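There are 2 protein chains.
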Amino acid sequence: MPVLYHHPASAASRFIRLCFAEMDFEADMIEERTWEKRAEFLRLNPAGHLPVCVAANGQALCGPHVIAEYLDESFGVFKRDRRLLAEDPYKRAETRRLIEWFLIKFEHDVTTPLTRERVIKPQMRSDDGGGAPDSKVLRTARANIRQHLKYLSWLAGSRPWLAGDRLSYADLAAAAAISVLDYLGEVDWKDSPQAKDWYQRVKSRPSFRPLLSDRIRNMPPVAHYADLDF
Amino acid sequence: MPVLYHHPASAASRFIRLCFAEMDFEADMIEERTWEKRAEFLRLNPAGHLPVCVAANGQALCGPHVIAEYLDESFGVFKRDRRLLAEDPYKRAETRRLIEWFLIKFEHDVTTPLTRERVIKPQMRSDDGGGAPDSKVLRTARANIRQHLKYLSWLAGSRPWLAGDRLSYADLAAAAAISVLDYLGEVDWKDSPQAKDWYQRVKSRPSFRPLLSDRIRNMPPVAHYADLDF
Numbered sequence: 001m002p003v004l005y006h007h008p009a010s011a012a013s014r015f016i017r018l019c020f021a022e023m024d025f026e027a028d029m030i031e032e033r034t035w036e037k038r039a040e041f042l043r044l045n046p047a048g049h050l051p052v053c054v055a056a057n058g059q060a061l062c063g064p065h066v067i068a069e070y071l072d073e074s075f076g077v078f079k080r081d082r083r084l085l086a087e088d089p090y091k092r093a094e095t096r097r098l099i100e101w102f103l104i105k106f107e108h109d110v111t112t113p114l115t116r117e118r119v120i121k122p123q124m125r126s127d128d129g130g131g132a133p134d135s136k137v138l139r140t141a142r143a144n145i146r147q148h149l150k151y152l153s154w155l156a157g158s159r160p161w162l163a164g165d166r167l168s169y170a171d172l173a174a175a176a177a178i179s180v181l182d183y184l185g186e187v188d189w190k191d192s193p194q195a196k197d198w199y200q201r202v203k204s205r206p207s208f209r210p211l212l213s214d215r216i217r218n219m220p221p222v223a224h225y226a227d228l229d230f
Numbered sequence: 001m002p003v004l005y006h007h008p009a010s011a012a013s014r015f016i017r018l019c020f021a022e023m024d025f026e027a028d029m030i031e032e033r034t035w036e037k038r039a040e041f042l043r044l045n046p047a048g049h050l051p052v053c054v055a056a057n058g059q060a061l062c063g064p065h066v067i068a069e070y071l072d073e074s075f076g077v078f079k080r081d082r083r084l085l086a087e088d089p090y091k092r093a094e095t096r097r098l099i100e101w102f103l104i105k106f107e108h109d110v111t112t113p114l115t116r117e118r119v120i121k122p123q124m125r126s127d128d129g130g131g132a133p134d135s136k137v138l139r140t141a142r143a144n145i146r147q148h149l150k151y152l153s154w155l156a157g158s159r160p161w162l163a164g165d166r167l168s169y170a171d172l173a174a175a176a177a178i179s180v181l182d183y184l185g186e187v188d189w190k191d192s193p194q195a196k197d198w199y200q201r202v203k204s205r206p207s208f209r210p211l212l213s214d215r216i217r218n219m220p221p222v223a224h225y226a227d228l229d230f
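Chains as they are written, first to last, in full-length UniProt numbering: chain A, 1 to 230; chain B, 1 to 230.
Next comes chain A alone, as it looks inside the complex (with noise of 0.2 Å):
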């Protein structure tokens, strides 16, 4: 069976969650804390950083690109109308970019500033530069929140789905960075009609469940943030 190393404040961990969720694809789950440096992971993925998967054959595939091109070439590609990616090597590409922008960009910009002042600088001993969260960290990352909403809903807005007319990684890789915002309470709704109907829709489908129940450490998540009909 292949093993999944994730962290439940992991955006890219959740992305490909779902990806293995819709194209039923089963792994063992592994919580790995990046933090703490363990020597075993860092053999398994030298960058440290997840997810990691070590598929049956005990090859480690690092990283949410890596293993989502993996995924893709080795059983999206028999998937028919369920496949992620698209046939069209441009419509690939316009998927691929969204990939990046939500896990690399939105990444760097809110949910790694977010999540390591308010989930992982508290569970880090202090000499590890553990501690209260920076308040100006703070302010920045969740100023940059409200643009990067502006332009999920554009894109919600304008296309029956993140990277046109089907379900793919993009809308799968935007869901996951954004649950893990809306579970720490951070996303405000109101003010964004379509990225909050996209957003219902993903939210909605059976590979999300898993996510809905999962539990980031000593940090219960906001109570509308298993509801359907938030």
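Calculated directly from the structure, the hints in this document are not laboratory data.
Every value quoted in this text rests on a predicted model; they were computed, and no experiment measured them.
Hints are supplied without guarantee of correctness; some may be wrong.
Copies of one chain are not kept apart here, so a pair can be met inside one copy or by any two copies together.
Straight-line Cα separation of at most 30 Å, DSSO-like style, residue types lysine-lysine; simulated pairs [said to hold, decoys possible]:
1. K136 to K37
2. K121 to K37
3. K91 to K196
4. K105 to K150
5. K37 to K91
6. K79 to K190
7. K121 to K91
8. K37 to K150
9. K79 to K150
10. K196 to K150
11. K105 to K91
12. K121 to K105
13. K150 to K91
14. K136 to K121
15. K79 to K37
16. K196 to K136
17. K79 to K196
18. K121 to K79
19. K91 to K79
20. K91 to K136
With chain A held as given, fit chain B onto it using these hints.
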């Protein structure tokens, strides 16, 4: 004719120029100063980063990963033993892991801080954040180079090419990143004979020649930059 927006100090741009040259893919080149945030460029790529390839049909392909995957699935697939991404899914995964290593991790740890401080800030107006290099940032980036050169040496010493038996995107991504640092005289080759031997092989390829004649505005390269026997 396709158009490539690039910059001589951008490792990701150099990577795609190497890919184009290895695959005999022709494009017009436009130098883009991303820090000027030109509206027309941001319409092509809202993320604002390089490179961007506008294909002959007018579609914009944004960023090195998107362009490299597009090139492989549209052209590379017909190149047989000159293909830059393997056929085997696990070898493809290793190549993609290393592209990310050199164009995301190495970029974050080394290339971005060094080029921002040494190349971009001197060209920016002071009210946009221009000015003299920050010596603390330079010191950290230079310490990171030494760690990364150890990993590069290990890869180069344990495999014929970085991702396996054949030249691949991984070599081009790594050589693109190294070439920016080498231009700036930031690589100390004497402690890394295996990395040097590998770089010499990539640097000697015809695809590399245009990079060696490239010049960053107001900043000539170090003396050995274009020398194949450095």
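Right, here's what the structure says about each hint:
In the homo-oligomer, the alpha carbons of K136 and K37 lie at most 30 Å apart both inside one protomer (27 Å) and across protomers (25 Å), since each shortest distance falls under that limit. Taking the shortest Cα distances, K121 and K37 sit within 30 Å of each other inside one copy (14 Å), while across copies they are farther apart (34 Å). With identical chains, the CA atoms of K91 and K196 are at most 30 Å apart within one copy only, with a shortest distance of 24 Å there and 40 Å across copies. Taking identical chains as interchangeable, the C-alpha atoms of K105 and K150 lie at most 30 Å apart whether they share a chain (15 Å) or sit on different chains (28 Å).
Within a single copy, K37 and K91 get their C-alpha atoms only as close as 38 Å, which misses the 30 Å cut-off; across copies the closest is 26 Å, which meets it. Taking identical chains as interchangeable, the C-alpha atoms of K79 and K190 are never at most 30 Å apart, the minima being 36 Å within one chain and 52 Å between chains. For the homomeric pair K121 and K91, neither the shortest alpha-carbon distance inside one copy (39 Å) nor that between copies (36 Å) is at most 30 Å. Taking the shortest alpha-carbon separations for K37 and K150, only the inter-copy value of 19 Å comes in at or below 30 Å, while the best intra-copy value is 36 Å.
In the homo-oligomer, the alpha carbons of K79 and K150 never lie at most 30 Å apart, since the shortest distance is 32 Å inside one protomer and 42 Å across protomers. Taking identical chains as interchangeable, the C-alpha atoms of K196 and K150 lie at most 30 Å apart only when both belong to the same chain, with a minimum of 11 Å there against 47 Å between chains. In the homo-oligomer, the alpha carbons of K105 and K91 lie at most 30 Å apart both inside one protomer (20 Å) and across protomers (27 Å), since each shortest distance falls under that limit. Taking the shortest alpha-carbon separations for K121 and K105, both the intra-copy value of 22 Å and the inter-copy value of 22 Å come in at or below 30 Å.
Proximity of K150 to K91 under the C-alpha cut-off of 30 Å is restricted to the intra-copy arrangement: shortest distance 22 Å within a copy versus 39 Å between copies. Proximity of K136 and K121 under a CA criterion of 30 Å is satisfied in both settings, with 15 Å inside one chain copy and 24 Å between copies. Taking CA atoms no more than 30 Å apart as the test, K79 paired with K37 passes in neither setting, with 37 Å inside one copy and 41 Å between copies. Proximity of K196 and K136 under a CA criterion of 30 Å is satisfied intra-copy only: 27 Å inside one chain copy versus 43 Å between copies.
Taking the shortest Cα distances, K79 and K196 sit within 30 Å of each other inside one copy (28 Å), while across copies they are farther apart (45 Å). Proximity of K121 and K79 under a CA criterion of 30 Å is satisfied in neither setting, with 41 Å inside one chain copy and 49 Å between copies. Taking the shortest Cα distances, K91 and K79 sit within 30 Å of each other both inside one copy (17 Å) and across copies (23 Å). For the homomeric pair K91 and K136, neither the shortest alpha-carbon distance inside one copy (39 Å) nor that between copies (43 Å) is at most 30 Å.
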